[in-house]
Amino acid sequence: MSNPSALIRKTIYQQQLYQPSIQKTTGLTIRNYILNRRIELAQICLSEGMSITEACYRSGFGDYANFIRSFTKIVGTSPGKFVRKQSTEKC
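Heads up: the sequence shown begins at 235 in the working numbering, then just goes up one per residue.
No wet-lab data here; the hints were simulated from the structure.
It is possible that part of the hints are untrue.
[Said to hold, decoys possible] Keeping only pairs whose Cα atoms sit at most 30 Å apart, straight-line, the calculated DSSO-like set for lysine-lysine is: (1) 307 with 324; (2) 307 with 319; (3) 258 with 324; (4) 244 with 258.
Using the sequences provided together with the hints, build the complete structure.
Here is the structure:
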């Protein structure tokens, strides 16, 4: 499929098709489900000692500021505070 418009229409159709079942199962929209999974991955990366920047990009974020904002909103603390808390719990 080389036509970008057709690909976009197909993607939107698929999202509309699967949205109800995903939302019923998880209680989240597809967008929020994916965002939460990416933040979970970032938490694992940070817990394993990865830098915040590397965890940001490894978990699929292309924008550092958006990562910090999303992480803080979902986790309830900034990535820096999360890392510091992880390091004090290991001691």
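So, going through the hints one by one against the coordinates:
no. : hint         : verdict
1   : 307 with 324 : holds (24 Å)
2   : 307 with 319 : holds (17 Å)
3   : 258 with 324 : violated (37 Å)
4   : 244 with 258 : holds (22 Å)
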